[in-house]
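Fit chains U, D and E to the supplied structure of chain X, relying on the hints for placement.
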Amino acid sequence: MAEDVYKPGNLLTSLKRHAAAIATGLRYLLSTKRMTVRYPEFLIDLGEGYRGMIRWRRERCISCGLCAQICPAAAMKMYKLPGEKKMFPGINYQRCIFCGFCVDVCPAFALEHTPVHDLSYEELDEMIYIPERFDTEWVSPALKEGARPVKVVFDEEVGLRHEPK
Amino acid sequence: MTSQGSSEPRASPYFWYRLMGRDEEGYDVYELFIGPQHPASGHMRIIVRLDGDIIVDAEPDIGYVHRTMEKLAEGREYIKNIPLFERATIIDAANITWGYVRAVEQLLGLEAPPRAEYLRTLLAEINRIASHLYGFGIAGIMLNHSTMFMWAFGDREVWVQLAEDLTGARLTHSYIIPGGVRRNLPQDFREKALKAIRYMEKRLQDYERIFVKNPVIIARYVDVGVIKADEAKRLGIVGPNLRAAGVRYDARIAEKYGAYPELEFEIPVREEGDAMARLLVRIEEIRQSMSIIKQILDKIPDGPIFHEKYYRMLPPKLKEFVESTGRLKLPGAFIRLKPEPGEAVARVEMGHGEVFYHIVSDGSIKPYRVRVITPAFRNVVLYRYLTRGARFMDLPAIYGSIDYFPPEGDR
Amino acid sequence: MTTGTIGRIVDFVLSPHIFAPLIYPGLLAATLVLLTLIWAERKMTAKVQLRYGPLYVLKPLGGAIQLIADAIKFMFQEPIMPRNADKWVFALAPVAMMAFTIIPFAFIPAAPGFVGVDVEYSLPLVLSLSALIPPLILATSWAANNKFTLLGGVREAFMMVAYEVSLFIAAFAVASYYGTLSLSKIVEAQSVPGIILNPIAAGVFFVTMLMTASKLPYDIVEGEQEIVAGPFTEYSGILYMLVMGASYMELYVLSLVFVELFLGGWKPVIPALASIHPAFEGISLFIKAYLVLLFAVFLRSVYARYRLDQALEIGWKKLFPLALLSVIWSLALLLVAGGA
Amino acid sequence: MAILDKVKEALEPLGAKVEEVRPGYITASISVENLKKAAQLLFNLGFDHVVSVEGVDWIKDNEIEVAYHAASYEPELHGVIVKLSTRVPRDKPELETLIDVWPSALYPERETWEMLGVVFKGHPELKRLLLPPDYQGPPPLRKDYKVPEEGFIVDLTRKQ
Chain X
1 MAEDVYKPGN LLTSLKRHAA AIATGLRYLL STKRMTVRYP EFLIDLGEGY RGMIRWRRER
61 CISCGLCAQI CPAAAMKMYK LPGEKKMFPG INYQRCIFCG FCVDVCPAFA LEHTPVHDLS
121 YEELDEMIYI PERFDTEWVS PALKEGARPV KVVFDEEVGL RHEPK
Chain U
1 MTSQGSSEPR ASPYFWYRLM GRDEEGYDVY ELFIGPQHPA SGHMRIIVRL DGDIIVDAEP
61 DIGYVHRTME KLAEGREYIK NIPLFERATI IDAANITWGY VRAVEQLLGL EAPPRAEYLR
121 TLLAEINRIA SHLYGFGIAG IMLNHSTMFM WAFGDREVWV QLAEDLTGAR LTHSYIIPGG
181 VRRNLPQDFR EKALKAIRYM EKRLQDYERI FVKNPVIIAR YVDVGVIKAD EAKRLGIVGP
241 NLRAAGVRYD ARIAEKYGAY PELEFEIPVR EEGDAMARLL VRIEEIRQSM SIIKQILDKI
301 PDGPIFHEKY YRMLPPKLKE FVESTGRLKL PGAFIRLKPE PGEAVARVEM GHGEVFYHIV
361 SDGSIKPYRV RVITPAFRNV VLYRYLTRGA RFMDLPAIYG SIDYFPPEGD R
Chain D
1 MTTGTIGRIV DFVLSPHIFA PLIYPGLLAA TLVLLTLIWA ERKMTAKVQL RYGPLYVLKP
61 LGGAIQLIAD AIKFMFQEPI MPRNADKWVF ALAPVAMMAF TIIPFAFIPA APGFVGVDVE
121 YSLPLVLSLS ALIPPLILAT SWAANNKFTL LGGVREAFMM VAYEVSLFIA AFAVASYYGT
181 LSLSKIVEAQ SVPGIILNPI AAGVFFVTML MTASKLPYDI VEGEQEIVAG PFTEYSGILY
241 MLVMGASYME LYVLSLVFVE LFLGGWKPVI PALASIHPAF EGISLFIKAY LVLLFAVFLR
301 SVYARYRLDQ ALEIGWKKLF PLALLSVIWS LALLLVAGGA
Chain E
1 MAILDKVKEA LEPLGAKVEE VRPGYITASI SVENLKKAAQ LLFNLGFDHV VSVEGVDWIK
61 DNEIEVAYHA ASYEPELHGV IVKLSTRVPR DKPELETLID VWPSALYPER ETWEMLGVVF
121 KGHPELKRLL LPPDYQGPPP LRKDYKVPEE GFIVDLTRKQ
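In order, the protein sequences belong to chains X, U, D and E.
Per my numbering, the first sequence starts with residue 1, numbered consecutively.
Per my numbering, the second sequence starts with residue 1, numbered consecutively.
Per my numbering, the third sequence starts with residue 1, numbered consecutively.
Per my numbering, the fourth sequence starts with residue 1, numbered consecutively.
The following block holds chain X by itself, in its conformation from the complex (with noise of 0.2 Å):
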């Protein structure tokens, strides 16, 4: 493409190149594209498919501790609580890195994931989830805040266009 560039520029290469990017620019300046999506007013629905924060189910829960066993983190563990014959999984999101095996191997459905993922907690050990704490429904605190949900549509023109839903 641009093989020109090693050739020497006389003044009037160089001022051609000089005004392609200011004219670059200034078209930029005046058109109307934005990439930016202002997080608290809008956010992003990731739908189906997104690996972010996991729900458990204790009716599914069959408690045989592969989830844990596989989770390369150390983030999901199995929690022998007082009064229970079973041990249940609970979450770490101190050390959670999102991969989903745990979501993957569990054979009885109990894991899923959802799209929530912009939590943010004030103290570290809210970020412990045991088996108690971990079967409730994850909101987005975005959402519970009236953000507005945007489609992410693939688009020729600015790459990605952010469309309400």
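It should be emphasised that the hints constitute simulated quantities derived from the structure, not laboratory data.
Glycine included, every Cβ here is placed at the ideal spot set by N, Cα and C.
Possibly wrong hints are sitting among the right ones.
Said to hold, decoys possible - Simulated pairs of lysine-lysine, DSS-like, Cα-Cα distance not exceeding 27 Å: (1) K71(U) with K151(X); (2) K36(E) with K127(E); (3) K71(U) with K143(E); (4) K33(X) with K202(U); (5) K299(U) with K317(U); (6) K165(X) with K192(U); (7) K59(D) with K16(X); (8) K60(E) with K6(E); (9) K195(U) with K33(X); (10) K92(E) with K6(E); (11) K143(E) with K195(U); (12) K71(U) with K6(E); (13) K33(X) with K338(U); (14) K151(X) with K317(D); (15) K36(E) with K366(U); (16) K151(X) with K338(U); (17) K144(X) with K59(D); (18) K6(E) with K36(E); (19) K146(E) with K366(U); (20) K338(U) with K143(E); (21) K338(U) with K146(E).
To be verified - Here are the simulated distance ranges between beta carbons: (22) F295(D) with E201(U): 42 to 52 Å; (23) E126(X) with L294(D): 40 to 50 Å; (24) Y52(D) with E340(U): 56 to 66 Å; (25) S63(X) with K59(D): 48 to 58 Å; (26) V222(U) with P132(E): 31 to 41 Å; (27) L11(X) with S191(D): 56 to 66 Å; (28) Y121(D) with A23(X): 50 to 60 Å; (29) P301(U) with S63(X): 58 to 68 Å; (30) R38(X) with P132(E): 34 to 44 Å; (31) K202(U) with D144(E): 21 to 31 Å; (32) A337(D) with K16(X): 48 to 58 Å; (33) E163(X) with E313(D): 28 to 38 Å; (34) Q205(U) with S191(D): 56 to 66 Å.
Relative to the frame of chain X, chains U, D and E by itself:
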């Protein structure tokens, strides 16, 4: 201010001159520590010794993000190492794990089905484009061209989104596993990918106008940081840096892995060996990768995405789920893969260059030794070679042009 | 208080000796330029880069008062004094730098006859006053006692000699055509904008203006990627605000001079406006200068940084001969046209 | 295979044990004394760079295996890796550096020194690379350096 006289004996800084067959010369140098707390050092330190404006010696001091991966890998089951090695080069996760998986597959005597190989190649090429765009952005901001930085990172988002559609994660895909891949191609992936390719082709022309052919960039990049073919070979350089020096070497053609033998693509090579040549080689590689993606989408065969040996172990209910959603379920036996004693090596071409894995197995469920040599680690020597005699302001230009990724070098 | 006193106060404030240096085009207008220009720069750069830029401070106006928020932040930030620094120079140099960017406003005419101190040699005076800033930058770089600041200071010293000569010669090329060194007289004499009469001088002046204020592609002195923030590496808080503001102020001063030399000064593009109210003349100067400023900061989103030796080469081998050529051009014009 | 025969022909006179363990992966183990000679012979065959220098701690044999993976940029040698390895005693792991033959071994040798304590005699800068400069412990990639592991069960009934 530190000013070392020539009388002060120092063994290491000038050893390079000895290696290059030079006498040890006396330099009156001004020592600068670039990093690790510096706007343009990355997670590393470069100890620069200046004679006036000329760099006498630049010593890369790496290891600030060393995560003892080789040691950690010895204590984990084979499958658990995939997410671990992924973290060496998080921007190029598919390629760096593919090398590991290839070595493990050799030990296990497995071969992925053809469709899985095509899907791996697809993700690898998407990652290659994303990785080159990342490098582009860094190269731009190293010259204080913030527009190039923002554009490259913004356009990288398109490819990251594409990878997310395929794998479910933006960067850490953990997509390639021994015996296959974890997800099948989504329904509308083809249209999305073709749109992304057409968009990128348009954008590359704008890149050219505002960056590549910008007289300032030409002034900063042409004849800066020159390495020629014979020196690049001696130093064992890999990746676009090698090909920009005129050596036609690419692990994709050397090793013939994945679906590459069935695809047509060119290996861009340039003779100049300077920073501009490295930039142009990367742009051309983005074009080639997009052509590869198009071919994959046309040629991809139907069939399973996971090796029969393990797929058979799944109960019918899970098989049904896999068929209907295209998302793989793993059998429990997969946690404890147990290869025969022996050793295997694998090389894979990443965006930055060739990654090398050597796995020694003692027949247990954990590898006895995993050796990983990343392209950045092999290219780190370029700091010393290219900066010698360059001007101080060339240092960030050279840094940006060799596309060094500190976490990858440190592992 | 009687109306007479108020009237006298109003007259006093509105008299050019006070109004010009303190209000317009001086301190107050300069502060306004500083606050809005940096915002505009960030907004424009963001636009080119497909982003939003500052947005959330006063959202209806697109974050227009972001810089006030930034200024407040700088005010309350702890100013850190390096232990090994030369404390007096370190603290006073930024203040002096700011002062030297403000003093020229007393000599820049804002409208016909509206100037703080009317001197016959206002052009060289303004340029020499802004030429006092580089030595102060050198002083800060030495006082901070840091390797990066020292390198930045050396770069400033190199750059200074490379651009100042061409800047002065390009300005004098115009002055020699009109036969006066007074800015007001140059504007008065300009029937055709100087940029058309002597485009070479205008080009050289504009490029050296970018070099003076170290704006891209010549932000070599502050070269973030090599020397962190150059001479200003050790500054924080309010002192940092001063040193950073000084370069924008300098740019503002020089763009006022640029407009007066090359763009017809305060003469409105539509001459009829001037007859409505004399204030339009001042506004016209301001708008022109602001547009020049906008273009100068817009270049940030187009260019990367030149290398030091390349910038010096441009300064000495290209701009200097071009500046000399512009003098010859002016003299040739004088011979052909017989003077203005 | 032609390359295997060439490597055998070159290295077997030096007492090397050459075999092709996998397609394109040739291993050659040799004594410490002949290592440099063998490296030079491999270089002459066209193996112009080393991909990796590494050590494997065979704690049961009380030996450390130092391996050089040599490869080539030449098209006819694409896809071939030769592992040239030697074994040194664990308590005195010393061998001569090969950076004169393969300058590309510079950094990997330094890393192997750091991680396994193998001393490469003649290497110009055996100093810390990845570990902190003040690191005190034993070479971390040796097998007697244990990484603590935790189980996957947490017993909450026993606590408190």
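Here is what the structure says about each hint:
no.: 1; hint: K71(U) with K151(X); in the structure: 43 Å, violated
no.: 2; hint: K36(E) with K127(E); in the structure: 22 Å, holds
no.: 3; hint: K71(U) with K143(E); in the structure: 9 Å, holds
no.: 4; hint: K33(X) with K202(U); in the structure: 14 Å, holds
no.: 5; hint: K299(U) with K317(U); in the structure: 31 Å, violated
no.: 6; hint: K165(X) with K192(U); in the structure: 19 Å, holds
no.: 7; hint: K59(D) with K16(X); in the structure: 39 Å, violated
no.: 8; hint: K60(E) with K6(E); in the structure: 33 Å, violated
no.: 9; hint: K195(U) with K33(X); in the structure: 17 Å, holds
no.: 10; hint: K92(E) with K6(E); in the structure: 33 Å, violated
no.: 11; hint: K143(E) with K195(U); in the structure: 52 Å, violated
no.: 12; hint: K71(U) with K6(E); in the structure: 36 Å, violated
no.: 13; hint: K33(X) with K338(U); in the structure: 53 Å, violated
no.: 14; hint: K151(X) with K317(D); in the structure: 55 Å, violated
no.: 15; hint: K36(E) with K366(U); in the structure: 33 Å, violated
no.: 16; hint: K151(X) with K338(U); in the structure: 44 Å, violated
no.: 17; hint: K144(X) with K59(D); in the structure: 22 Å, holds
no.: 18; hint: K6(E) with K36(E); in the structure: 18 Å, holds
no.: 19; hint: K146(E) with K366(U); in the structure: 14 Å, holds
no.: 20; hint: K338(U) with K143(E); in the structure: 20 Å, holds
no.: 21; hint: K338(U) with K146(E); in the structure: 22 Å, holds
no.: 22; hint: F295(D) with E201(U): 42 to 52 Å; in the structure: 31 Å, violated
no.: 23; hint: E126(X) with L294(D): 40 to 50 Å; in the structure: 49 Å, holds
no.: 24; hint: Y52(D) with E340(U): 56 to 66 Å; in the structure: 58 Å, holds
no.: 25; hint: S63(X) with K59(D): 48 to 58 Å; in the structure: 52 Å, holds
no.: 26; hint: V222(U) with P132(E): 31 to 41 Å; in the structure: 40 Å, holds
no.: 27; hint: L11(X) with S191(D): 56 to 66 Å; in the structure: 31 Å, violated
no.: 28; hint: Y121(D) with A23(X): 50 to 60 Å; in the structure: 40 Å, violated
no.: 29; hint: P301(U) with S63(X): 58 to 68 Å; in the structure: 40 Å, violated
no.: 30; hint: R38(X) with P132(E): 34 to 44 Å; in the structure: 42 Å, holds
no.: 31; hint: K202(U) with D144(E): 21 to 31 Å; in the structure: 59 Å, violated
no.: 32; hint: A337(D) with K16(X): 48 to 58 Å; in the structure: 32 Å, violated
no.: 33; hint: E163(X) with E313(D): 28 to 38 Å; in the structure: 51 Å, violated
no.: 34; hint: Q205(U) with S191(D): 56 to 66 Å; in the structure: 44 Å, violated
Hints 1, 5, 7, 8, 10, 11, 12, 13, 14, 15, 16, 22, 27, 28, 29, 31, 32, 33 and 34 from the list above are not met by this structure, while the remaining hints are.
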